[in-house]
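Asker: Protein chains in written order, with my numbering: chain H, 6 to 270; chain L, 6 to 270; chain U, 6 to 270.
Honestly, the hints are just simulated from the structure, not real lab data.
Quantities reported herein were computed from a predicted structural model and do not represent experimental measurements.
C-beta atoms are modelled at their ideal positions from N, C-alpha and C, and glycine is treated no differently.
This list has only true hints and no planted wrong ones.
Pairwise CB distance ranges (calculated):
#  : chain 1 : residue 1 : chain 2 : residue 2 : range
1  : H       : GLU101    : L       : PRO176    : 23 to 29 Å
2  : L       : GLY127    : H       : ARG93     : 42 to 48 Å
3  : L       : VAL16     : U       : GLY210    : 36 to 42 Å
4  : H       : GLU192    : U       : ASP235    : 35 to 41 Å
5  : L       : ASP27     : H       : ARG166    : 22 to 28 Å
6  : U       : GLY90     : H       : GLU192    : 56 to 62 Å
7  : H       : THR20     : L       : ASP27     : 19 to 25 Å
8  : L       : GLY242    : H       : HIS151    : 50 to 56 Å
9  : L       : PRO176    : H       : VAL128    : 30 to 36 Å
10 : L       : GLY127    : H       : ASP235    : 50 to 56 Å
11 : H       : ASP129    : U       : ASN99     : 41 to 47 Å
12 : L       : VAL149    : U       : GLU178    : 49 to 55 Å
13 : U       : ALA15     : L       : GLY222    : 31 to 37 Å
14 : L       : ASP18     : H       : GLU101    : 25 to 31 Å
Examples of chain L residues lying across from chain U (beta carbon under 10 Å, computed):
#  : residue
15 : MET6
16 : PRO12
17 : ASP18
18 : ALA25
19 : GLY56
20 : ALA112
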Amino acid sequence: MIRSLAPEVAVVDLTHDIPAHDVRAGALCLARAAQYLCPGVVLAVVDPGVGTDRRAIAVEVGEGESLLVGPDNGLLAPAVAMVGGAGRAVSLINPEYQLPAPGPTFAGRDIFAPAAAHLCNGVDLYELGDPVDAASLLPGVLPVTHYDGDELVAEVLWVDRYGNAQLNVDPDEVAEWGARLRLRFGEGLVDGRTLVQAPTYAALGPGDVGLVVDSYGLLSIAVPRASAADRLGLAAGDPVRLVRLDDDDPGAHGVTSSVQLRPRG
Amino acid sequence: MIRSLAPEVAVVDLTHDIPAHDVRAGALCLARAAQYLCPGVVLAVVDPGVGTDRRAIAVEVGEGESLLVGPDNGLLAPAVAMVGGAGRAVSLINPEYQLPAPGPTFAGRDIFAPAAAHLCNGVDLYELGDPVDAASLLPGVLPVTHYDGDELVAEVLWVDRYGNAQLNVDPDEVAEWGARLRLRFGEGLVDGRTLVQAPTYAALGPGDVGLVVDSYGLLSIAVPRASAADRLGLAAGDPVRLVRLDDDDPGAHGVTSSVQLRPRG
Amino acid sequence: MIRSLAPEVAVVDLTHDIPAHDVRAGALCLARAAQYLCPGVVLAVVDPGVGTDRRAIAVEVGEGESLLVGPDNGLLAPAVAMVGGAGRAVSLINPEYQLPAPGPTFAGRDIFAPAAAHLCNGVDLYELGDPVDAASLLPGVLPVTHYDGDELVAEVLWVDRYGNAQLNVDPDEVAEWGARLRLRFGEGLVDGRTLVQAPTYAALGPGDVGLVVDSYGLLSIAVPRASAADRLGLAAGDPVRLVRLDDDDPGAHGVTSSVQLRPRG
Chain H
6 MIRSLAPEVA VVDLTHDIPA HDVRAGALCL ARAAQYLCPG VVLAVVDPGV GTDRRAIAVE
66 VGEGESLLVG PDNGLLAPAV AMVGGAGRAV SLINPEYQLP APGPTFAGRD IFAPAAAHLC
126 NGVDLYELGD PVDAASLLPG VLPVTHYDGD ELVAEVLWVD RYGNAQLNVD PDEVAEWGAR
186 LRLRFGEGLV DGRTLVQAPT YAALGPGDVG LVVDSYGLLS IAVPRASAAD RLGLAAGDPV
246 RLVRLDDDDP GAHGVTSSVQ LRPRG
Chain L
6 MIRSLAPEVA VVDLTHDIPA HDVRAGALCL ARAAQYLCPG VVLAVVDPGV GTDRRAIAVE
66 VGEGESLLVG PDNGLLAPAV AMVGGAGRAV SLINPEYQLP APGPTFAGRD IFAPAAAHLC
126 NGVDLYELGD PVDAASLLPG VLPVTHYDGD ELVAEVLWVD RYGNAQLNVD PDEVAEWGAR
186 LRLRFGEGLV DGRTLVQAPT YAALGPGDVG LVVDSYGLLS IAVPRASAAD RLGLAAGDPV
246 RLVRLDDDDP GAHGVTSSVQ LRPRG
Chain U
6 MIRSLAPEVA VVDLTHDIPA HDVRAGALCL ARAAQYLCPG VVLAVVDPGV GTDRRAIAVE
66 VGEGESLLVG PDNGLLAPAV AMVGGAGRAV SLINPEYQLP APGPTFAGRD IFAPAAAHLC
126 NGVDLYELGD PVDAASLLPG VLPVTHYDGD ELVAEVLWVD RYGNAQLNVD PDEVAEWGAR
186 LRLRFGEGLV DGRTLVQAPT YAALGPGDVG LVVDSYGLLS IAVPRASAAD RLGLAAGDPV
246 RLVRLDDDDP GAHGVTSSVQ LRPRG
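Please model the complete structure; the sequences and the hints are all you need to start from.
Answerer: Below is the structure:
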């Protein structure tokens, strides 16, 4: 569709590998890529609500330098926030810039791609539909950390293809904690493991479970050349906690064996 | 290969996700996309008969506006039919427009891609090989519906990544049947289920099994946010039947529970 | 990143389907493609050692006609050898041509892609880092055949998506052996099977296990419309042996049943 409507446009395929219906995975992927994209029009479609009254939207960012097009279901929000927030926004309801559709179920082809193509061609945002208040757009669903007593309450955002479990934790949050800290995880958070802060995946030793700054600038749990997610039973959305180790805690000085924090029998 | 032979050509990747050897899935995918493609050269390769005497062909459509290149195994036929039928056609046998191949097994690289590139460069179709009668091309294998008594005999064409089971049924064929109808399916067609005609996937209620016009304009069997194919045990190629419900049939008025049409014991 | 730094460059995606960490599979894929690529810059990243002291390199081939960019872990070496060997080479250490990275773990985005883009833009190779001796680059890991007595010692290089098991054997090595030969394989090489040399996959009869020249010019083990790897339990890296059959060997004249070469009890 884009090639038909805007033949001169170069299309860069960021990914076609988002799992079906997984708005959150799509939102994360887009937010991670956002700061590396060159100015232009970004088309994103993960759209389980297609055919409902969820809006189809286009949003300006960077003072009009770039535009994001997609469903108003939280998919775009983290990326919009990452690049400075929304400017003008419209609900894509002008049928002149849409494809006559055989059914209501393929908005990617019939609504979103034509909108992206027309924007590339220089059609003004407000031609495509009705202005909407950027504050009314559905916010993203990426969690933020907080403290429960001494424990940093966090979450597994994503498991990559290597099995590394990315957390919603900035390295600065635990930079002062020393080389080792404790992870609580699993059902009821009763499992425990000592994590080794390491500069790279390759710096981890055999048997280590590491906490490494990943390529998006967030901390991820990793084990050498294997899947941390499989080893620890972690999946996207799982709650975890990071606990500072005292200096007199044996785990703080190089004991890397697993610690089991189970309730007493 | 295309880049080497025709460096100015823009290549649009429709898909690389057709299952190995599945000519029918490739033919369906291409036929669905055909009406949305911009004029040009279409290259399609799903080719289990590579190295046999199946022909390699190129076919004009739209009075020469576009060309399809691929094996003569039924892969191109439904798309050709969808856009108005074949004009000139050739068997790709001129070695001057082929790559010298180390073996006979990679026609995509050695025969089809070079042919597509040379056509993009303006080489005339008849330069690439011997003219063949379009009527001699292997027809596609997409089934058509028919009636057996009162029952519409249909088939599952395809199960998409969401588990929706697309049928070879046009919405017009059952438009007058009312909101509910019965599906017969499974081994010996002994299983039954009431289907709800719905405008969108999202309009289906919990427990509903829906019949929805999909993005290609055909009816598909769907369940809300889950796989209809898994739920009902449907796969591509399965025979199914649609049966009109009388007004006094309890299923015609909102009973959505499953009906089992098993042989009497 | 490439689009940002070198917007005029056409990017051709050879594959994104190399298994995680599988340097050897990436090296094979690249070596197979190398002779079909048009002149330019080739970017390859399979990089389990990211963040270690493995070098990031760029290598000239074809008297400067093309450049390969990637980690110095053997990934590039077979392709470099395939196109005539390395000319100038550098270690990519100049930070002016790299992206400031949040962590040390995404060299594809932060080091390799920027280097490829700058090379496309005409930046001289020596601007990107320190010259290194091409002889110091890590060699590839593709095995060569040899004889053990009368037996040709070979290896399964790769299993493709059809289940064909490609060997590191040139057709010339067994061209004089006649239509049938014996394969020894499995744990301890105690399993045996008669192979039929066939010009194409399609020429194999039901029950045949074939030895076919594949699209890369190497011999591969294949069965008709099924996975030879599954049937025989073969995987990439498995050692196998090819044994010439005497004319008076019953297997040399059309008996295709499996032969079991087990140790005597």
